[in-house]
Amino acid sequence: MKQYLLSVYMVEGEPQPSPEATQQAYKDVDALNAEIQASGAWVFAGGLHPPATATVVRASDGDVVTTDGPFAETKEQLGGFWVISAADLDEALAWAAKATRACAAPVEVRPFADEPEN
Amino acid sequence: MALGPGEIEGYFRREYGRCVATLVRFFGDIDIAEEAVQEAFAVAVDRWPAAGVPPNPGAWITTTARNRAIDQLRREASRHDRHAQADLLYGHDDPPGKLGPVRDDRLRLIFTCCHPALARTAQVALTLRLLGGLQTPQIARAFLLPEKTMAQRIVRAKKKIKAAGIPYRVPGDAELPDRLAAVLAVIYLVFNEGHTASDGDSLIRLNLCDEAIRLARVLAELMPDEPEVLGLLALLLLTHSRRAARTAPGRPLVLLPDQDRSRWDREMIEEGQGLVRRCLRRNQPGPYQIQAAIGAVHSDAPTAAQTDWAQILALYDQLMTCAPTPVVALNRAVALAEVAGPQAGLAAVDGLDLGSYYPFHATRADLLRRLGRGAEAARAYDAARALTANPAERDFLDRRRRALTAD
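Residue numbers (this note's numbering), protein chains in the order written: chain A, 1 to 118; chain B, 119 to 525.
Just so you know, these hints were derived from the structure itself, not from any lab.
All C-beta atoms, glycine included, are put in the ideal place defined by N, C-alpha and C.
Wrong hints could be hidden among the right ones.
Okay, derived cross-link-like pairs now, DSSO-like style, lysine-lysine, Cα gap no bigger than 30 angstroms in a straight line [stated by the list, open to error]:
| # | chain 1 | residue 1 | chain 2 | residue 2 |
| --- | --- | --- | --- | --- |
| 1 | B | LYS277 | A | LYS98 |
| 2 | B | LYS278 | A | LYS98 |
| 3 | B | LYS266 | B | LYS277 |
| 4 | A | LYS98 | B | LYS266 |
| 5 | B | LYS277 | A | LYS2 |
Residues of chain A clear of chain B, computed beta-carbon distances all greater than 12 angstroms [claimed, not checked]:
| # | residue |
| --- | --- |
| 6 | THR22 |
| 7 | ASP30 |
| 8 | SER60 |
| 9 | GLY62 |
| 10 | GLY80 |
| 11 | VAL109 |
Pulled out of the complex, with its shape left as it was, chain B reads as follows (with noise of 0.2 angstroms):
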């Protein structure tokens, strides 16, 4: 069987974080598991094309990746630095059973990554690295950084993890509900920054949406029981259903109201809409959760005319009182312009501080137009376009614009 240097990536992307996580486990250190994984995959490279793939390739590298740095180890500690390296090795020499993954391995590994010590930007680097199988300069072109920058920041964080003691662990259940929350936000960061795609290169970017849900689908099969996990992978389905119809030839960027519906993925609606009806039977909503419903009612809808907007209103007070932040209340202010009129949603945007967010002045700005106030929508469509450098959004509204001065 031919076996190209593509499927053996493939290989590596879906197999590296359970490998990696496996054997930071067995020696303690993200540095060795690394080094030893890729080595391993180097062997495979070499070796599958001929002989083929074996049986179970997670277990095959794991197996090779130990070998090879238990090699590493002891020809180092003949070398020099005989007390460390020794003890590394007899501290773990378990029997070989022990190597089989372990459920939490990867969850352990997750927690490590988003630790609370460690900067958000560390998080997100380790966690596409880690866990994500990316390798450094593929993280630095989706986040538009230097490859150096994102190796320093990948570097500086693995060295405070072994310096200061970050444990590999599944925090307790005391502290479970804050670091969940901090891992759940770096997945939902990848995805956004995917969704966003704030350059023209947005392929690649949208390849972080892809990396966001595949993160998302790992931690619900790790963690079945915790509904906003439930929660996030649902919305992340269901935002990412509409990506097709996001664009249309010659628009750049098409909000949900005028997309093209039937361009929407039904295989991923189906999905988040089981996992929003998991969680609804559940009944411990949280924000992740309540999003993800409201992203169910526009997926029911057959015509944008036709969405239950009395539902999205209560979903949007429920959000309200779980995260009440200001973005909430000005997409809370769109529902309720759709249930009580343009006036009942001018009147709650206008309260609220948003002054440097561009979707508070073009979402000021369709409330004016509707109600026929042209001049203050101009002016609010073009306080919205200074504030976003994003080229789609100010195609956006440059039509908005346009088309207020054509009514």
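Next up, chain A with everything else stripped away, as it sits in the complex (with noise of 0.2 angstroms):
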């Protein structure tokens, strides 16, 4: 079995989602979390405050810098993710695909360079 990371992307400016869809949203983000669990392929999952939240420290010559974040300067950042264990690529699209229906938002897949543990 393989490791591999479901990142949620949300790109800043896009207009929001309405009250119902957010709510539909985490139904089915719920729903599918379960169906995870129950298949066995579940390693880990959640869902991140806004890029505003977050805090950059960085060790450069000796000191430790901690700045406002995020990192990335860019309109597409991190909103969640999943770590999912499955035999190949193929089940891993096939859980993104059900990912990306359940929280309406682009699903990357990338593997984990390290095989698990078994």
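Two independent chains are provided; combine them into the complex using the hints.
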């Protein structure tokens, strides 16, 4: 089995979904989480507060500098993620397809470099 | 028997895909499979001229390649990296019978190469290299790219297959339609790249057409029950059957109505038409089959004037229901002009949002010319000419524009 990171991207400046749509997304994500857990593919998952709440800590020349975040100066920011285990990319992509429908946002699938301990 | 390097090269091209596909299944790794097969061919170059070609060259290459790769992996395992290599070997220590070609090996490899997680350009390069047995410099030349760029593209794609775990598997029924469409698109793109020959080096690029037909044949052999696969092969054959007539002395591009039909390849036409008839019997139409059927109708006409345009228009109507793109609509308008006159054709063309597509302006120009609107036709030819860099197409447009003022 391999592990994959499924990252949900939020695009700053896009129109906010209606409260009903947001509620629906929460419900759909809960249902998907239950499905991933039941299948045994679940490793970890979580949703994040908006990028404005981020802080960047960086070591430089022996000092550590703390600044207001986020680190990446782009409109596309991580909104939440899943870590799942899957036999291959197709299995991971099948979960990602469900994930993008549930949270109504694009999902990036990326393999972890190390195989998990079995 | 004298056996020149050219003949071994021929075996290489024919057997490479099959051998690599089998060894990818065996070792679970594309690089190991490719290195082993290349090494086995090097052995063949040494031995075959004296010992003769073995009765089953593909099986000989596959066995030799497997044995070489196992030796190599054992040597490496004894030096370092014991765990990984030992695992690889013992995991695959199958009885020798299992090395024999499995019908699906190449099919699995095609679907791996054309996986949607890879960029289209990488899909094309990998398919030509792994299934077509083309070397990276040949692929780079065919696509007019520096060798280094093509090599990086292939290396990166192979790394992604490995790291991301792109499977080596024929997709299940649910995914198959989408995944097969990607495979067909890759083969069609290879063909069009060769067909359009956007520079003077047309001979090399023409080989891309042969390569695409070869890949389509392999796919048709492996998936004989997929009508769109047969449709694609038929479309490529019927289009390619006219290649000799597409040029004439002093004329780098001759379009269908003006072609010398005696120069069409009858054998390819017959094969293409036979495939179209097979598709019709199945009655599961799709875009490639319908385009092939249109090609078949053209091939049936002894002269351009005898073309059954009503049937072609009906086929374009059908194509519009399953692939309603502006380019299809433009081609439909050409057929409509033949059936209902240039005014009706022009009305259909003018509604299309294809301002940056040179055939749109070339088609408009031709219809305006037929309507006697010479000044507008000249402007449309100019617009078309500004949109193509292809010398053959430019020459064609210049001729048309000159003919206009001569009228």
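Evaluation of the provided hints:
1. Taking the CA atoms of LYS277(B) and LYS98(A), the gap is near 26 angstroms; set against the 30 angstroms cutoff, the hint holds.
2. This hinted pair checks out: LYS278(B) and LYS98(A) have alpha carbons roughly 23 angstroms apart, not beyond 30 angstroms.
3. Taking the CA atoms of LYS266(B) and LYS277(B), the gap is about 16 angstroms. The hint holds against a cut of 30 angstroms.
4. The hinted pair formed by LYS98(A) and LYS266(B) fails the criterion: a straight-line CA distance of about 39 angstroms is larger than 30 angstroms.
5. Under the criterion of a C-alpha separation no larger than 30 angstroms, the hint pairing LYS277(B) with LYS2(A) is consistent with the structure, at around 15 angstroms.
6. Residue placement check: THR22(A) keeps its beta carbon more than 12 angstroms from all beta carbons of chain B (closest about 30 angstroms).
7. Distance to chain B confirms ASP30(A) as a non-interface residue, since its nearest Cβ pair spans about 25 angstroms, more than 12 angstroms.
8. Separation of SER60(A) from chain B is adequate, the least Cβ-Cβ distance of about 31 angstroms exceeding the 12 angstroms criterion.
9. Against the 12 angstroms criterion, GLY62(A) stays outside the reach of chain B, whose nearest CB is about 35 angstroms from its own CB.
10. Listed as outside the interface, GLY80(A) is consistent with that label: its C-beta sits roughly 21 angstroms from the nearest C-beta of chain B, beyond the 12 angstroms cut-off.
11. Look at VAL109(A): its CB is around 8 angstroms from the nearest CB on chain B, not clear of 12 angstroms, so calling it non-interface is violated.
Checked against the numbered hints listed earlier, the structure breaks hints 4, 11; every other hint is satisfied.
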